[in-house]
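K.L.:
Single-letter residue listing:
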Amino acid sequence: MEVLINGVFIGALYGLYGLGLALTLGLMRQINLAHGDFIVFSAYLTLQGSLLLGVHPLMVLPVVAVVMFVVGFVLQRLVIQRTLGRGEMPPILVTFGLSIILQNVMLELFSADTRNLNPGPLGAASIEIAGLSLGVLPLLTLVVAFAIFWATSAVFGSTKFGRAIRATSDSDQTAQLMGIKTSRIFAVAMGLTLAISAIAAGFYGMRGNFDPSTGPERMLFAFEAVILGGVGSIWGALAGGILLGLSQAAGSLINPSYGPLVGHLVFLVVLLALPGGLMSLRRRQ
Amino acid sequence: MRLPSINRSFIVLAIIVLLLILVPILGSRQTVNLVAEMAAVLAIALMWNLLAGFGGMVFMGFQVFVGIGGYAVFMAANGFQVLPFPFILLSAALCALIALAIMPILSRLQGVQFAIASWVISEVVRLSVFQTSVLGGGGGISLTAMRSVPRELRMYGTYGSAALVLIVALVVCVFLMRSRVGLALRAIRDNATAAEAMGIDLRRTQGLVMMIAAAVAGAGGGAYYMLALQIGPGTAFSMNWMAITLFVVILGGIGTLEGPIVGVLVYFLLRETLSDLGSVYFILLGLMAILVTLLFPKGAWGGIRQLIGQDLLPIQRNPTESRGRKC
Chain Z
1 MEVLINGVFI GALYGLYGLG LALTLGLMRQ INLAHGDFIV FSAYLTLQGS LLLGVHPLMV
61 LPVVAVVMFV VGFVLQRLVI QRTLGRGEMP PILVTFGLSI ILQNVMLELF SADTRNLNPG
121 PLGAASIEIA GLSLGVLPLL TLVVAFAIFW ATSAVFGSTK FGRAIRATSD SDQTAQLMGI
181 KTSRIFAVAM GLTLAISAIA AGFYGMRGNF DPSTGPERML FAFEAVILGG VGSIWGALAG
241 GILLGLSQAA GSLINPSYGP LVGHLVFLVV LLALPGGLMS LRRRQ
Chain D
1001 MRLPSINRSF IVLAIIVLLL ILVPILGSRQ TVNLVAEMAA VLAIALMWNL LAGFGGMVFM
1061 GFQVFVGIGG YAVFMAANGF QVLPFPFILL SAALCALIAL AIMPILSRLQ GVQFAIASWV
1121 ISEVVRLSVF QTSVLGGGGG ISLTAMRSVP RELRMYGTYG SAALVLIVAL VVCVFLMRSR
1181 VGLALRAIRD NATAAEAMGI DLRRTQGLVM MIAAAVAGAG GGAYYMLALQ IGPGTAFSMN
1241 WMAITLFVVI LGGIGTLEGP IVGVLVYFLL RETLSDLGSV YFILLGLMAI LVTLLFPKGA
1301 WGGIRQLIGQ DLLPIQRNPT ESRGRKC
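Chains as they are written, first to last, in our numbering: chain Z, 1 to 285; chain D, 1001 to 1327.
Keep in mind that the hints were calculated from the coordinates and are not lab data.
Treat the hints with care, since some could be wrong.
Quick look at which bits of chain Z chain D covers, simulated, 3 or more residues with Cβ under 8 Å [to be verified]:
no., segment
1, 2-8
2, 24-33
3, 50-56
4, 69-83
5, 256-267
Over the 12 Å line for every Cβ pair with chain Z, so calculated as not near, a few chain D residues [to be verified]:
no., residue
6, I1006
7, V1171
8, L1227
9, E1272
10, L1284
11, L1287
For every residue, glycine included, the Cβ atom is placed at its ideal position computed from N, Cα and C.
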């Protein structure tokens, strides 16, 4: 039971990884293959910041999120924007190159040692709910994830900026004709993607270990969360993330090292049986 | 002088075969091993280019065939304790079957989804091999069947296998791309709906090409790991294979046959001179891949082609040519 509850908590984290990816996938029909490496990079930034200032990682996290927003904005403007409109391949190739660069830059700067963020007393704290002892940190992860999802869907649903994003996602050419500066929208979306990932990275680093090579796996989990949930749906990414987290938890019950394998298999089965993801079930009803 | 394009292809192929025959006669032991490695890598890159460059199928988990090809040779040769060389055929057959098996998942995906799904499939195989003790688990296995083989035979046999795989890869590319299947494949890449409307069977065309690419890449993986004598899930199914393949194909010129050939020469030149730099070397490779994609999408071969003004392995159909032949 506790393993499964843990699966939900980890799943919320995957949902957060996926939320950023869902933004860019829905908007530009493209993903950033370096997404996971940016998550790991943010975790390292948080680690360095908290060591340097001698404060709790959570205190540094907002600053890292802002930094990563700027990184995303500039990256989109300078590099990824140039690949759009030239077919599906150039963005995949360029972001894969970026992934290799980031992994090796991190290797140079931070060495190959596995690191983690020290959550302090927060890590061991737990509260009792309905006879189950639940960690405070996982609960906090879940609450933060829900808050970010709620904020994102509120921004998308009822602000001018959200309307511009949805219009661009439906047809960027029409949006452009209506006076929306789509390249700016893309850049802001990429900034938000990396900022959300940075917050996810903070919680990831406090739960588990990371090293410069763990990025690609994060990217796969993020993408699986998005596809499991259904492309184009914000809450779908959270549902998909939780399904992925549960599958991995169930897998690790069979054998502790089967977690990721079972997660991948569930993803492939859903892809085969339900190409539209979980959210397509709801739409059909 | 412009020869009819099919003859030009034959001449260039014959020159490559001649060079591959001359290497073991004239080259040192080191050269022979290096060229064997280059041949295996080039065969794999040509096949990835066939899928992605000509077919628009960006198969990001291509290392799955390299790894399975390698493991097939190791398991069969170790099991029977015989010469491993013929078993690259087994690698090819096994990889073609696996390509057939994963087609139902991949055939309806496109672009990004195709790329990630193929990557996930490769991860599934890597993690499964990791858990399978018969396959050596995480530690991998060594090619014990090679121990009793004399050094000379080992070297020439491995070289011959790799060279043969490369020749097959080149011939397959030239003939396939000049055939109706190649034409259909490029039509699908350019506009799938229009291609289907013209009567092209999307699934059959893409499935056939994927099986061919998987088979040759599997044989290439088998040849490569015969040279390495050691195989493990961490290296055989590593994304590094994707990095090397992409670098060779992009730098040389994606969607051309000559591109990967140029690319593999550049890649090994850089590796032999710069690999001491460690991670800085990989940073440089990544930067070059990005710059070439953004600024010179036709790659190095695009530049060379402009200089010499003709294809060396032409695959375009030229209507004026057939008219010329009749005269």
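K.L.:
So which of those numbered hints doesn't the model satisfy?
P.N.:
1, 3, 10, 11
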